[in-house]
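Asks: Protein chains in written order, with the working numbering: chain E, 1 to 201; chain F, 1 to 201; chain Y, 1 to 201; chain D, 1 to 201.
Just so you know, not all the hints are guaranteed correct.
Since copy identity is lost for identical chains, a pair holds within one copy or between any two.
Unchecked claim - Calculated pairs, DSS-like style, for lysine-lysine (alpha carbon to alpha carbon, straight line, at most 27 Å): (1) K171 x K105; (2) K105 x K174; (3) K105 x K166; (4) K153 x K65; (5) K153 x K105; (6) K5 x K105; (7) K105 x K15; (8) K15 x K153; (9) K5 x K171; (10) K65 x K5.
Keep in mind the hints are simulated off the structure, nothing from the lab.
There are 4 protein chains.
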Amino acid sequence: MTVHKIAILVGSLRKDSINRKIARSIASQASERFHSEIVEIGNLPLYNEDIDAAPPAEYRAFREKISGVDGVLFCTPEYNRGLPGVLKNAIDVGSRPYGASVWDKKPAAVVSASPGAIGGFGANHQLRQLCVFLNMPMMQQPEAYLGGITGDKFDADGLLADGPLKDFVGKIAKAFADWVDVIVRARTEIAEDGAHAAKGR
Amino acid sequence: MTVHKIAILVGSLRKDSINRKIARSIASQASERFHSEIVEIGNLPLYNEDIDAAPPAEYRAFREKISGVDGVLFCTPEYNRGLPGVLKNAIDVGSRPYGASVWDKKPAAVVSASPGAIGGFGANHQLRQLCVFLNMPMMQQPEAYLGGITGDKFDADGLLADGPLKDFVGKIAKAFADWVDVIVRARTEIAEDGAHAAKGR
Amino acid sequence: MTVHKIAILVGSLRKDSINRKIARSIASQASERFHSEIVEIGNLPLYNEDIDAAPPAEYRAFREKISGVDGVLFCTPEYNRGLPGVLKNAIDVGSRPYGASVWDKKPAAVVSASPGAIGGFGANHQLRQLCVFLNMPMMQQPEAYLGGITGDKFDADGLLADGPLKDFVGKIAKAFADWVDVIVRARTEIAEDGAHAAKGR
Amino acid sequence: MTVHKIAILVGSLRKDSINRKIARSIASQASERFHSEIVEIGNLPLYNEDIDAAPPAEYRAFREKISGVDGVLFCTPEYNRGLPGVLKNAIDVGSRPYGASVWDKKPAAVVSASPGAIGGFGANHQLRQLCVFLNMPMMQQPEAYLGGITGDKFDADGLLADGPLKDFVGKIAKAFADWVDVIVRARTEIAEDGAHAAKGR
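Can you make the complete structure from the sequences, with help from the hints?
Replies: Have a look at this one:
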């Protein structure tokens with residue numbers, strides 16, 4: 001079994017972000033299945049096609065990092081019933097210039113965590129809508145709308161404490177590793193991303 | 001290469017439905033890659049859990065038919081910026097009783113066709129949202145928002161006449177056949193659909 | 001203050017539907033502000049433009065009923081992360097024939113209730129997407145994703161028992177009555193629904 | 001008739017942005033109905049609750065500007081089938097700190113323009129989803145998915161040249177001015193935004 005390289009993107013910049021902790025918990029439970037790294041997105045200038053004529057160093061570094069991975073895991077809060085702007089901005093940066101998207105054909109999964117009951121459903125599905133265009137095959141199940149996530153779910157190391165939530169997150173990690181295996185193996189059979197209708201802006 | 005069995009669901013009941021014609025055009029261009037059948041949905045009683053205690057014959061026949069296929073292709077118009085009720089009803093019927101959904105793990109694709117410019121984008125993505133819960137791995141590309149589809153695109157047999165639209169539909173057919181290959185081969189690795197949060201109604 | 005006429009549509013046909021009970025609880029708490037009636041949708045034949053050339057009696061009766069009201073309240077479960085087919089079918093029926101939609105300019109609100117934690121968020125927002133095209137001004141707040149709704153929330157009459165949920169539902173009723181006042185008063189100022197891009201299907 | 005103050009937010013930072021030109025064209029056609037200003041969003045640091053403990057000057061200036069207007073018009077491209085990160089970031093900034101959102105009760109409309117056929121439908125509706133939570137009453141019609149928008153639609157001043165598109169944009173401007181009238185007049189009747197389920201992140 002191949003140990004794949006996974007980029008994790010966290011949709012919140014807060015130092016104490018629960019989604020960052022969830023991300024680390026998934027990574028720690030899946031270390032035998034994939035090597036993962038949280039790729040930082042807080043330093044990316046707001047996407048602007050004009051400045052991309054001579055791409056800022058942050059754009060180049062981010063694109064290079066994502067290009068090198070086998071799959072992508074998104075861990076995100078919901079802001080105002082949608083995807084945080086900061087995470088969408090990173091996705092926009094990686095998608096450009098047109099025809100050179102770093103997301104193309106990379107298998108992905110999304111986990112949304114929130115203190116509220118709804119568990120980020122709105123953000124989760126807005127992200128899924130993007131992944132259609134980005135040609136990222138998405139893991140469908142288990143869906144991960146993690147509601148009621150507060151600080152006391154975590155241990156002193158900031159990882160999930162033993163319990164049903166940790167077990168569920170372990171299942172997600174395993175399912176995602178399996179999904180990456182499936183898609184990486186099949187990559188040559190997945191259609192070229194050449195039909196994009198929305199070329200311009 | 002295996003020749004898979006595909007169910008095609010058409011979201012309009014009109015006899016002259018352009019989506020039915022698109023469906024037949026896809027099937028005719030893919031006959032070497034998959035055997036397909038348009039499964040009729042116009043006779044399914046509106047879903048009602050009460051009557052499902054003793055399922056109507058139409059429910060049983062529909063579920064049996066879908067159970068036997070390897071993948072599902074949806075060809076649908078957009079009604080009022082969403083999925084037609086008639087198609088959603090069929091999906092609801094197939095998804096029940098809880099725990100015995102016939103959609104589980106079946107690879108799928110969606111084509112939306114319309115005389116208008118937007119090509120059924122709203123219906124297309126509302127359907128994709130359902131397929132997450134239904135655990136149907138979705139083909140992402142090529143996206144198929146077929147706009148400006150009017151009667152003159154079709155020949156006397158009701159199939160797409162030669163031209164770029166027919167060629168594009170041929171690409172969809174091929175990409176979908178490849179996608180079904182990928183997922184059927186990998187089916188044992190796809191996570192069990194056991195995490196459904198919305199058990200009740 | 002005018003007492004408006006409100007149609008309530010319930011998205012589940014189950015006799016014991018929790019959404020029907022929620023609907024009745026809202027109506028009973030708002031009886032001084034609006035007269036409401038649950039308009040049945042279980043007998044509407046699946047929408048088919050061909051049969052609509054000579055509309056079935058059920059279509060005609062339904063359209064007439066909706067035409068006579070000042071506003072519409074939707075109470076709906078979520079089926080498979082989306083709007084139940086049965087409710088979407090009713091909306092499709094009311095929207096046709098093209099140019100004679102009975103929904104036009106009617107103020108509306110949506111309540112989604114479910115035993116699960118997410119409270120029908122997916123169904124709730126799929127419905128809101130439709131209401132843009134249908135030109136129904138939507139109440140935005142309070143949002144009503146009613147999660148964890150089980151039989152024990154109701155009293156012997158099938159209405160909500162005293163408690164925070166009943167109070168919240170009372171707030172929804174009041175806010176909706178206010179919203180209907182606003183929109184009915186302003187109806188002449190709301191743009192004609194003449195810009196529909198998706199005329200055909 | 002009151003002349004209202006309107007903030008226009010443009011979802012693209014490109015100097016030659018077609019959405020900026022559309023925004024200016026709407027403003028110029030509505031100058032007798034509302035005074036508008038394009039509020040810049042390109043200088044807003046990516047939202048981070050940690051830095052918001054002592055809000056950056058850009059956050060404070062942006063919030064103050066939006067607080068002073070009667071309504072908001074969004075003109076936006078679609079990036080990757082969704083709202084541009086840069087626009088979402090501005091919305092996130094304005095929505096915080098919790099309980100002090102500057103968007104609350106402000107009437108709004110959205111125009112999405114794109115060179116492609118679909119006219120930004122995905123971005124348009126992702127934005128509408130946010131406005132439910134933000135308690136911004138949305139103009140429903142006319143929907144404005146402006147497709148096929150290329151440079152030659154504009155005159156030497158960068159405004160729409162005479163023709164059907166300019167006329168349609170004029171209708172949008174008028175309908176929006178009417179909508180702002182309706183909602184501003186009714187503001188006291190619109191429910192307090194106190195039911196937000198997703199308090200935390």
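Asks: Does each hint hold? Answer for all of them.
Replies: Results of checking the hints against the structure:
Both within a single protomer and between protomers do K171 and K105 lie at most 27 Å apart by alpha-carbon distance, with minima of 23 Å and 17 Å respectively. For the identical chains of this complex, K105 and K174 are neighbours both inside a copy (20 Å) and across copies (17 Å), given an alpha-carbon limit of 27 Å. Taking identical chains as interchangeable, the C-alpha atoms of K105 and K166 lie at most 27 Å apart only when they sit on different chains, with a minimum of 25 Å there against 29 Å within one chain. In this assembly of identical chains, K153 and K65 lie within 27 Å of each other by CA distance neither inside one copy nor across copies; the values are 31 Å within and 40 Å between.
For a Cα distance limit of 27 Å, the shortest separation of K153 from K105 qualifies neither inside one copy, at 34 Å, nor across copies, at 32 Å. In the homo-oligomer, the alpha carbons of K5 and K105 lie at most 27 Å apart both inside one protomer (14 Å) and across protomers (25 Å), since each shortest distance falls under that limit. Proximity of K105 to K15 under the C-alpha cut-off of 27 Å is found in neither arrangement, the shortest distances being 31 Å within a copy and 32 Å between copies. When the C-alpha separation of K15 and K153 is checked against a cutoff of 27 Å, the pair qualifies only within one copy, where the shortest distance is 17 Å, while the shortest distance between copies is 40 Å.
Only within a single protomer do K5 and K171 lie at most 27 Å apart by alpha-carbon distance; the minimum there is 18 Å, versus 31 Å between protomers. Within a single copy, K65 and K5 get their C-alpha atoms as close as 11 Å, which meets the 27 Å cut-off; across copies the closest is 40 Å, which misses it.
Violation of the numbered hints given earlier is confined to hints 4, 5, 7; the remaining hints are satisfied by the structure.
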